[in-house]
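2 protein chains.
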Amino acid sequence: MWQSSAAAGRLLLCSGRSWLQLRGYSSTVISGKTVEDGVLSSFRSICGEDGVSLGQAVREQHGKDESVHRCCPPDVVVFPRCVEEVSALARVCHSHRLPIIPFGTGTGLEGGVGAVKGGVCFSLRKMDAVLDLHPEDFDVTVEPGVTRKALNAYLRDTGLWFPVDPGADASLCGMAATSASGTNAVRYGTMRENVLNLEVVLADGSVLHTAGKGRRPRKTAAGYNLTNLLVGSEGTLGIITKTTLRLYGVPEATASAVCSFPSVQAAVDSTVQVLQAGVPIARIEFLDDVMIDACNRFSSLNYPVTPTLFLEFHGSERSLEEQVSTTEEITQSNGGADFQWARDAETRSRLWKARHDAWYASLALRPGCKAYATDVCVPLSRLPQIIVETKEDLIENRLTGPIAGHVGDGNFHCVMVVNPDDPDELHRVHLFTQRLASLTTLRCVFLSGKLHRSHLLVNPP
Amino acid sequence: MWQSSAAAGRLLLCSGRSWLQLRGYSSTVISGKTVEDGVLSSFRSICGEDGVSLGQAVREQHGKDESVHRCCPPDVVVFPRCVEEVSALARVCHSHRLPIIPFGTGTGLEGGVGAVKGGVCFSLRKMDAVLDLHPEDFDVTVEPGVTRKALNAYLRDTGLWFPVDPGADASLCGMAATSASGTNAVRYGTMRENVLNLEVVLADGSVLHTAGKGRRPRKTAAGYNLTNLLVGSEGTLGIITKTTLRLYGVPEATASAVCSFPSVQAAVDSTVQVLQAGVPIARIEFLDDVMIDACNRFSSLNYPVTPTLFLEFHGSERSLEEQVSTTEEITQSNGGADFQWARDAETRSRLWKARHDAWYASLALRPGCKAYATDVCVPLSRLPQIIVETKEDLIENRLTGPIAGHVGDGNFHCVMVVNPDDPDELHRVHLFTQRLASLTTLRCVFLSGKLHRSHLLVNPP
Chain A
0 MWQSSAAAGR LLLCSGRSWL QLRGYSSTVI SGKTVEDGVL SSFRSICGED
50 GVSLGQAVRE QHGKDESVHR CCPPDVVVFP RCVEEVSALA RVCHSHRLPI
100 IPFGTGTGLE GGVGAVKGGV CFSLRKMDAV LDLHPEDFDV TVEPGVTRKA
150 LNAYLRDTGL WFPVDPGADA SLCGMAATSA SGTNAVRYGT MRENVLNLEV
200 VLADGSVLHT AGKGRRPRKT AAGYNLTNLL VGSEGTLGII TKTTLRLYGV
250 PEATASAVCS FPSVQAAVDS TVQVLQAGVP IARIEFLDDV MIDACNRFSS
300 LNYPVTPTLF LEFHGSERSL EEQVSTTEEI TQSNGGADFQ WARDAETRSR
350 LWKARHDAWY ASLALRPGCK AYATDVCVPL SRLPQIIVET KEDLIENRLT
400 GPIAGHVGDG NFHCVMVVNP DDPDELHRVH LFTQRLASLT TLRCVFLSGK
450 LHRSHLLVNP P
Chain B
0 MWQSSAAAGR LLLCSGRSWL QLRGYSSTVI SGKTVEDGVL SSFRSICGED
50 GVSLGQAVRE QHGKDESVHR CCPPDVVVFP RCVEEVSALA RVCHSHRLPI
100 IPFGTGTGLE GGVGAVKGGV CFSLRKMDAV LDLHPEDFDV TVEPGVTRKA
150 LNAYLRDTGL WFPVDPGADA SLCGMAATSA SGTNAVRYGT MRENVLNLEV
200 VLADGSVLHT AGKGRRPRKT AAGYNLTNLL VGSEGTLGII TKTTLRLYGV
250 PEATASAVCS FPSVQAAVDS TVQVLQAGVP IARIEFLDDV MIDACNRFSS
300 LNYPVTPTLF LEFHGSERSL EEQVSTTEEI TQSNGGADFQ WARDAETRSR
350 LWKARHDAWY ASLALRPGCK AYATDVCVPL SRLPQIIVET KEDLIENRLT
400 GPIAGHVGDG NFHCVMVVNP DDPDELHRVH LFTQRLASLT TLRCVFLSGK
450 LHRSHLLVNP P
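Note that the protein sequences, when read in sequence, are chains A and B. In this text, residue positions in the first sequence follow numbering that gives the first Met the number 0: the first is 0, and each later residue adds one. In this text, residue positions in the second sequence follow numbering that gives the first Met the number 0: the first is 0, and each later residue adds one.
Bound conformation, chain A alone:
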């Protein structure tokens, strides 16, 4: 859920050093400067009077995502309606060396949309068309304003769905820009595996189709893999204006379960064995005792407060039976409790809502505090030791950090709940994250947002 998935991206660096700093200019001052005047009137002539905003509320709304990171408002927000407008706006910015910040839904948790050097925010919400659905080819093309929930609503009667699910209702192009992942990556992969083609506006306004215009091959080895260079580039290489996505058949049957374990090791061992047994598990999510306690309180549940797995199975009725019996056998042999079942859609959606609300549940542990995410991925075999050491570290340093993870991928989040007005606590959090990084050096990769996290800690909000 607190994957770096929701924001459309970060700074797009135009070549050059001397930014035109519109920041702080009042509209009258702007109209007094002919160059800046030219810029704004160019913007207005491209996307209309109501397509350009200098209002403080609008700028502040676009300088912040859902994270703890402080608001860095852009100097101006533009609302292009099509790729041609994005391109024309980018050309103006390029010729005046203005930073561009693409903005999707602002649901990111890592401050990626902050205009740290001011500049022009491209809000892409007006471009919200589902363009080409090819059910027989299992693909669809969407504009940047389309969110994953909107797409799945659009697909409702087709028997198809798009599975990548970072929790928030992020825009799909933003999810491509940030290489979003989520609870069912273990079965369906991340954005990396599910983007077939991108239309991108580069810094100079030129338009690039990473796999060729209008192409949507299932695989390609022609030329460099520019699609995957753009996926995860966080807006630094271009503004994604279209993405073609791989779709999947809606599973015939779905079942979810919750299982409690005596230890972190037992939960992770079960995960490894389930994967080794070839069970095509759709979701296998770990929550530590602190996190399950937080979820119990926030979502009115009453699961045992021990290391817990949330599981989901997709398949035909028959295959589901087999997946479940294999998994149940494995969890029991590791001391796991009996599955608590969630077969009906309502109970299932309540269960996964609780998991997706883990961020807010964490925040609710300490009212008035702020939360920020860490995001670590290690080989599965290293996971129990690292989680145990991390929990010891948290206790020793009097920090609140409930843990949840996409355990099938070796990926976990420790949600730091901090009092932003307590410099000592902020300092302890800062040292903790440094230790987390060094503990996992040579073995882990911080998934994203490093820069912005340290930025936060150096410049507390």
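Hints are not guaranteed to be accurate.
Copies of the same chain are indistinguishable here, so a pair counts whether it falls within one copy or spans any two.
[Stated by the list, open to error] Okay, derived cross-link-like pairs now, SDA-like style, lysine to any residue, Cα gap no bigger than 25 Å in a straight line:
#, residue 1, residue 2
1, LYS148, PRO422
2, LYS212, PRO378
3, LYS125, PRO250
4, LYS212, GLU192
Quick caveat, the hints were computed from the structure, so don't treat them as lab data. Source: prediction; values computed, not measured.
With chain A held as given, fit chain B onto it using these hints.
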């Protein structure tokens, strides 16, 4: 099988234009030129006397792969034993602006190893260690001399395997360099999905770990996705000296089948429906009537000479039953014949050997001729029409081009069997491939080797 999968890559372009052309120098001439002398003795001091070869036979062996493309021998072949030697050799080449051509097994079918501007071939066969196997993490790291069959032999007792299978026993780093695919990509993906990390020596000799040194995360969103920029770069961005690969559990049970269809449309419709039904099919390969006829002759089989699917199912015994019954229902509803079963390992391996030998079966259709591959990927829904039009074109132009394809991915190969001594036929082939490209413009991507293919046609072997 004739995927661009086997060769270690293409030209690595050192920055600069003035190559030192060793080509054609005899060893005495070389020893008469102090600069070149210095180069060769540097090479020898790095990888030993027997690690440098100027012999014509060795050079010719390294100037050609298994394709029709003419031999372009390098000026010298070096045999480094470790990454430090590769790096030191690359530094020498860089300072003298010599082209580098990485060489794996030479099993490519697109001429990627040809030293079109002379230069130094880096044969990586001495680096053949399996370095780090982590069964509990489903990953392994290998040096460039390790082939896919060698790896799977090494894994035999672990319950794990590496599924990407381009037919030839290519080196795994070569398969990474060329973004190899194969018959079971429909289930397990291509190299793109299965490479976790690469160690790469860049043109200046510096060593890059694309996902961080020693790291093998299942996923990452930290920084640019350099791993996938290198996968498929065909040796143009660096020399791959190590690759960390994702492994899979050996399926509990496997079954193969052959099914004949009244038309191309019926075979492809069945494929779409099988995928839509969510059958996790491991292989679904299309062979047209000409190809099945060629395979019958070459491999002593007697399948009906009509459009045919070769299928393979992986899973537990119970899941297999279900996969098979769903698939059989679908094929029958499309007019497919009863499955011909291959349940025992011997019959199965005979079946897939026949499929993998399709290249040689095609060649055997016209003794004395040469074959070269085309490699087209289109959205599945476009496949029947394009195959039908392609077959009409072949007949009209009196060309031999049996067709086989990884139909689950919309990817097919038309193997052009040509008489290299017939300029008129070569010309007709040239025009045919141009039409194939234009027919599929906006809808398809030539998977690879375009440059080398047109190069062939302009300069017949």
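### Task
Sort out which numbered hints this structure fails and list those numbers smallest first.
Failing hints, ascending: 1, 3.
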